[in-house]
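Just so you know, the sequences run in chain order D and G.
Going by my numbering, 192 is the number at position 192 of the first sequence; the sequence numbering is gapless.
Going by my numbering, 118 is the number at position 118 of the second sequence; the sequence numbering is gapless.
No lab work stands behind these hints, which were simulated from the structure alone.
Since the model is a prediction, treat every value here as computed from it, not as a measurement.
Where hints are given, some of them may not hold.
[Stated by the list, open to error] So, partial list: chain G residues that the calculated Cβ filter (under 7 Å) puts toward chain D:
1. ALA107
2. VAL137
3. LEU215
4. GLY231
5. PRO394
C-beta: ideal position from N, C-alpha, C; glycine also.
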Amino acid sequence: MTTTSIGSSDRTTGLPGWYRPILIWRVLVALMMAAGLIGVLLRRGIVLDGPLRWSLAVTLLMFLGGSLVAVIDTVRQRHLGRVTAFFIDFLLAVVFSFIAFNRMGMFTGLDAVGEAFNGNVAWIGIVVLGWFISGFTERGGTVNESLRNIARYTMAAGVAVLLLAMGLLPGLIEFGRRLFVADVIPIAILAAAAVLAARTMWSDSAARMFSTTAAEGETMDGLLFVAPNMLGFLAFMAGPLFVSLFISFTEWDGLTDARFIGFQNYIDLFSDDLFLRSLRNIVVFGAVAIPLAVLPAMLLAHLLNSKLPGMKFFRAVYFLPSIAGVVGVTLIWKQLFNSTVGFINYGILKVTDLFNSVFGSGFAAGEPQWISDDSIALISVIILFVWQQIGFNTVLFLAGMQGINPTLYEAADIDGAGPWKKFQKITVPMLKPTTVFVVATTTILALQLFNEPFILQSPSPPSGPGNSTLTPVVYLYQNAFQEFQIGYASAVAWALFILIFGVTLLYFRRSGDDGVLSS
Amino acid sequence: MTTTAEPRTDSTRQARSDRRKHLLRMTVGRGGAYFILVAFAAAMLFPFVFMAATALKTPEDTFRYPPTVLPRTSSTAQLAGEDVELYSLETADGSTETLYLAEEGVAAGLFARLDDPAVTIAWPLERAFDTGSTTTVAGEEVPVFAVQFGDETAELALLRSTAVGRFKSLDDPDVEAFAIVRTATRAETVDPQWSNFSEIIELRDFDRSLTNTILVTILVVGGTLFTSIMGGYAFSRIRFKGRDQIFVAYIGSIMIPFVVLIIPLFRLMVSLGWVNTLGSLVWPFIFNAYGTFLMRQFFVSIPKELEEAAFIDGARRWKILWRIFVPLSWPAIATLATFMFLYAWNSFIWPLVSINGANSEDFVLTIALQTLGGQAGEGPNLIFAAIVLSVIIPFTVFVLAQRYFVENVATSGIK
Chain D
1 MTTTSIGSSD RTTGLPGWYR PILIWRVLVA LMMAAGLIGV LLRRGIVLDG PLRWSLAVTL
61 LMFLGGSLVA VIDTVRQRHL GRVTAFFIDF LLAVVFSFIA FNRMGMFTGL DAVGEAFNGN
121 VAWIGIVVLG WFISGFTERG GTVNESLRNI ARYTMAAGVA VLLLAMGLLP GLIEFGRRLF
181 VADVIPIAIL AAAAVLAART MWSDSAARMF STTAAEGETM DGLLFVAPNM LGFLAFMAGP
241 LFVSLFISFT EWDGLTDARF IGFQNYIDLF SDDLFLRSLR NIVVFGAVAI PLAVLPAMLL
301 AHLLNSKLPG MKFFRAVYFL PSIAGVVGVT LIWKQLFNST VGFINYGILK VTDLFNSVFG
361 SGFAAGEPQW ISDDSIALIS VIILFVWQQI GFNTVLFLAG MQGINPTLYE AADIDGAGPW
421 KKFQKITVPM LKPTTVFVVA TTTILALQLF NEPFILQSPS PPSGPGNSTL TPVVYLYQNA
481 FQEFQIGYAS AVAWALFILI FGVTLLYFRR SGDDGVLSS
Chain G
1 MTTTAEPRTD STRQARSDRR KHLLRMTVGR GGAYFILVAF AAAMLFPFVF MAATALKTPE
61 DTFRYPPTVL PRTSSTAQLA GEDVELYSLE TADGSTETLY LAEEGVAAGL FARLDDPAVT
121 IAWPLERAFD TGSTTTVAGE EVPVFAVQFG DETAELALLR STAVGRFKSL DDPDVEAFAI
181 VRTATRAETV DPQWSNFSEI IELRDFDRSL TNTILVTILV VGGTLFTSIM GGYAFSRIRF
241 KGRDQIFVAY IGSIMIPFVV LIIPLFRLMV SLGWVNTLGS LVWPFIFNAY GTFLMRQFFV
301 SIPKELEEAA FIDGARRWKI LWRIFVPLSW PAIATLATFM FLYAWNSFIW PLVSINGANS
361 EDFVLTIALQ TLGGQAGEGP NLIFAAIVLS VIIPFTVFVL AQRYFVENVA TSGIK
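Isolated chain D (complex conformation) (with noise of 0.2 Å):
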């Protein structure tokens, strides 16, 4: 797609057919982009609130801005025209075509999906048994072309099968016969004229026209090769980022006008009794529950790692509980935390028994009441979760200790350590950016805890007894879409966003700089 020219000696003087009608449309972009930018300040057509009119000017603004300079470069036929124009021409075909989209029902449309796929999810067998067949041709060393093909095609027919049995032929009508509903048609030509106008910037001939060099094509392919993962991170990540730190200071419940009211709500977290025990609960639960996952983990790391046989084994007994889904294994531990048929009494019972008849004393097992009793709630959330990490923060100590240079190890034999002295002095130094990275991200998991106590205490309320499981992000939950308070919620949100971003810096600083971003 890189479109090279040797410069501009090379420029065509007869103008391509394409210029003219190019022209109409850059300027009639750059009078659509006024005529928003005034429809926005006078308050036409949407009704809008404070900021998110404000960015919308702003926005426009800058394509307004970049549409002139669009125009008179293209006039002027400078490089520059072609690349503004090209990505103004290039975003308003995704805004247009995901308008368009939108309101055609293409990404809801999943749920349809989802119904006839139903019945025919069988067919996706055929695929799998394509997908055997090639991994067999691998396996067998030998490059067996004509069994290749016959998974090739095997996996194929397996789609065609499926998408023909799930009625693609109906869909595709369907398809065409939402694309004339009269609303979505001058969106879908507005979205058609902006993908043809792109795709004339894009081409040979406009590069040519525009005498763009090497380098600066290769601009616009690194820029057209990370848009999805910018546009999605603005729409999707840095976008809300910013409308929650707004919503932040309002005071709002979701439905009526957002009211600013600045730092209110932060000052209100730090009078509310139950976000003040939300925090307490966390720093509990953290203070027991990370050197729980975190120390263990280590241990059996140094152990798998001492290449006896059976270990891989072991590696994956321990990495299931991070394999099976949190509200599954949730569930399977309400049953064994059950106070009358659980498995877990039933154990107490049985070692204290066996201790009794061991010592002759007279202990009495109690029938705890796990998720009821205010005083353990806590208690059953930490056992689970720390069950579910340990396993995951041993295969994460386990690449650390395999990373470690085996001559150090070498040169504490000849000096006579024995195994302890070694995993002292060699290993646990050696695997301090690992430790810290462990550390780091139990915690930070740890600080959002929400799931388990959630699933525990179903159908109750996820604060649990006497509020003894409630964490910041159930409080949150509960402010946001429970209590309608959504700008408290946001303020709950931000805070914790902080508190996590503090951690992070403050781990990753002891760690001397060795965090994800430098790897």
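Position chain G relative to chain D; hints supplied.
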């Protein structure tokens, strides 16, 4: 072969003893290591064993005390064309037999031992004979009976009258036992209830949730791979102004916790009209800084010569990326795919917010499970069958592609 007997010096003896000590320490060390590893493995596996077993139980079986792992049901047998329930009881000769209830309401007495009245047994009066003497139990005068147990006879105090059941063997009518019917131990067999799975699928629309989850997962994995491969290629191979700054800013976004985005993303879904649709679970999640980072790191390691050769052939970037880079990057792609697979399959908090309607046709597995688990009236056996359905695919993928899961953890540590 001749050997001169060397005098054993202290040093060789010392060395031998050292070696023996070392060997001992090694064995103990290994034994200890395996003990710890097995103990943890048991702790990790037990909940899953419990899950699989409970999924095959009857509802009553899940509430049994003491709890058992294997799914059991009461045994029955055919006798004269009718189903009879079977019991496991001790007969007169002391052996435990499987018996059926032949007669109810046999007149019996509750007998107590003379030396320890706390030990009692219910036994039919037809096997007991009044000796005429009496004894005092708890301040009351009660008659003493000679009670026959098989060939043996014991003198016991009759506390009060009661009724027992007469249990007989199906094979041998002479083998019989007596016990109070209500408390008699039922004979049980291990009997997995496979119908739990069909019930959860048919009655609870679980197939639809499974389909939805598969669909969402396929799209999230495919979409993320596409954007990450594009972005990773640009950040590693195309030179453009501001590239590195954009890269650092984009990678920095990994640090943004999702909880900050929940509220504004939900508002965005409301304004786009995507609430309660599967689309809301897919489109925002196919742009992934971590994936871009992973692909970029891998692309950087691919030798430049491969690309330059293709350039000379006049191939364009798009073609080079998909024809040269992607086939070479299979390990990184598989690693990213497994990561996104787990993420999409198991995500809970966002579907909880975004799929908040009562319409189970929009449900993904996590939401269907949570809804099922929160219904007080639902038997644990059905909930556990649903859990098995939700973990079976991740576990299968894990077994097939374990290497990439471990790789993913080792390279990133991001869950």
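Which hints from the list above does the structure break, by number from lowest to highest?
-> 1, 2
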